[in-house]
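Each chain, written out:
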Amino acid sequence: MDEILRVEGISKTFTLSKKQQKIERTTLRKKVAVDNLSFTANRGEIFGLLGPNGAGKTTTLRILATLIKPDTGDAVLDGYSVVNEEEEVRSRIAFLTSELKLEDFFTPNYLFDFFARLHGVPEAEAAERKRVMFERYGIDKFAEVKVQNLSTGMKQKASIVISLAHNPDIIIFDEPTNGLDVLTARTVTDFLAEMRQQGKTIILSTHIFSLVEKLCDRVGIIIDGRMTNCDTLDAIRDGMSLEDRFFEIYKTVKGGEE
Amino acid sequence: MRKQGNVWTIVRKEFARFFGDRALLFTAVIMPGLLIYIVYSLMGENIGKSHQDDNAGPTTVYVDNLPESLRGDFDSIPFQLVTEGFNAVALIGDSLADKEKNLIYVNFPPHFDSLIAAYDPMGGEMAPNVKIYHNSNSDNSELAYQTVKTYLEDWENSRNNMFDINANAESPDAEETFDMADEDDSLGEILGQLFPMLLMMLLFSGCMAVAPTAIAGEKERGTIATLLVTPMRRSELAIGKILSLSTFAMLSGLSSFLGIILSLPRMLNGDGVDIDFAIPYTTSDYLLILCVLISTVLVMVSCISILSALAKDVKSAGTLVLPLMLLVMFVGFTPMLGGDAPEALTAYLIPFYNSVQSMASVFSFNINPAAIGITVVANIAYTAIAVFVLTRMFNSEKVMFGK
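Protein chains in written order, with my numbering: chain A, 1 to 258; chain B, 1 to 403.
All clues stand as given, with none of them false.
Derived BS3-like pairs (lysine-lysine); straight-line CA-CA distance at most 25 Å:
1. K31/A - K398/B
2. K19/A - K312/B
3. K101/A - K315/B
4. K31/A - K312/B
5. K312/B - K69/A
6. K312/B - K18/A
7. K398/B - K101/A
8. K101/A - K312/B
9. K30/A - K398/B
10. K18/A - K315/B
11. K31/A - K69/A
What the hints contain is simulated information worked out from the structure, not anything from laboratory work.
Based on the provided sequences and hints, a complete structural model is requested.
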């Protein structure tokens with residue numbers, strides 16, 4: 001197995017504001033979002049981080065995408081540290097989340113060129129890549145329509161293709177199908193499977209069991225910022241449905257607290 | 001190599017954003033200048049018109065007991081003169097107070113000539129009194145009153161004339177000039193007070209039109225985070241943003257300024273003042289102003305960008321910038337508070353104040369090259385510091401992703 005990602009004991013603590021304390025119903029000033037988390041992912045697989053909301057999945061992915069720094073620990077992507085070699089890491093990943101958006105004012109065509117340029121992709125290469133990708137995902141039909149006038153599905157397709165302008169090896173995808181209608185969700189899952197076929201590594205987070213069962217090769221279960229189980233899908237399931245198995249694990253972990 | 005390339009990529013994107021958005025281009029660049037031009041021109045025309053309206057009817061000067069010695073003088077006043085055949089009580093109580101206001105009523109004491117001939121200023125008695133009834137609400141009545149009053153005062157002075165001061169200095173064929181201020185100087189003083197303030201405010205509103213949207217707006221819409229996951233350096237993003245926003249703010253400010261320059265003559269002409277604005281300044285003056293303006297807009301955009309990066313959305317960016325705007329406005333007024341430009345060169349290290357004073361010095365023809373040099377260099381240095389700060393902010397997860 002060719003290991004492409006190694007996460008080593010990352011932790012992240014946030015300071016809560018008074019308002020956040022109320023929302024979280026806690027009097028603690030600090031919230032441990034990620035607690036000494038370690039896992040690895042192999043080249044060419046889809047690795048799923050599964051956990052309830054607030055478990056620390058998004059924080060983990062943000063650390064991998066170098067948007068935030070871990071308090072302790074490090075992660076090495078394709079040989080580069082997310083703590084010390086952020087620019088190298090960024091040039092090798094695509095990071096997709098509903099929080100990262102495309103500017104409404106521009107067209108997919110313009111934005112593809114813009115991001116290809118920021119990634120330093122040679123123009124001829126970018127143009128060819130754009131042609132192929134736009135055709136493959138049907139973006140050529142609305143390539144000159146401003147993002148603000150696109151439907152949610154079109155926007156999602158455009159975001160995905162534009163994030164791949166520099167042909168990264170690793171795709172980090174936070175909640176790939178959240179808030180999407182069934183058709184768009186299907187496009188996204190098909191896309192992820194296709195990317196795996198092309199040999200790309202995909203790290204995704206989700207709380208949807210069916211998505212994990214359908215797509216993921218290996219799964220890490222995160223509860224309260226800690227990795228409770230991390231193995232192949234089959235090994236995790238242990239002969240049960242993923243949902244049943246998850247709640248079994250969940251009860252074991254939470255049982256001690258309640 | 002790549003570094004420059006990324007800055008240029010960002011600048012090009014921002015330009016495409018501003019110049020491609022016709023609505024934004026119109027509201028931020030074209031409209032301010034156009035609006036100022038139209039409004040000021042209309043104001044000028046209306047001022048002209050209202051003067052004409054007032055002048056429409058003739059003004060009448062009613063005089064009782066006009067002394068013979070003054071008859072010649074009164075015949076030559078530029079108003080209609082009536083010395084008999086009117087009812088003084090009706091004039092004062094009814095017309096002047098109420099209906100027909102284009103008049104004044106002058107009442108000399110009977111036998112005025114012999115009264116003043118007999119009057120002894122040292123005798124302790126009250127001097128003979130001329131009563132002039134007028135209505136200060138009417139421009140015409142007020143004008144006639146002032147004219148007749150000046151007439152009589154001059155006449156009184158000339159009766160016991162012992163010496164003159166600057167005789168005939170005001171007349172067009174005066175042989176000697178006593179007021180050594182040339183016209184450029186006095187115009188320069190007015191413009192030196194007015195223009196820096198106007199330019200500062202217009203530039204600031206130009207910055208406000210773009211900077212909060214481009215930084216707080218991108219943060220709010222989640223588009224800046226998309227940029228932050230590219231391998232571009234944060235400093236490149238900061239430089240690219242500041243350069244492009246400054247260019248746009250500069251255009252917006254210049255548009256407004258052009259509107260003012262072009263409409264001011266029309267506005268003042270309406271008021272009967274004829275000043276040619278183009279003449280007093282040379283190309284090098286304009287170039288100096290431009291240098292100061294460019295360095296100023298960089299500092300303004302930097303400050304607003306930093307505040308916008310702190311804000312979580314465009315609306316709160318506006319609130320955060322408000323105190324800065326008040327400060328800039330106040331500083332803009334400093335040339336009007338009197339006093340000359342500061343001598344100490346260290347004063348030109350103070351941002352905004354240095355710009356205002358430098359511009360005032362150019363407009364009032366008191367250019368101090370060292371001061372302007374320090375202003376420009378200091379402003380560029382502040383911009384560099386701001387780029388550093390903004391870079392740190394783009395790097396800070398608290399600032400960029402804090403909720």
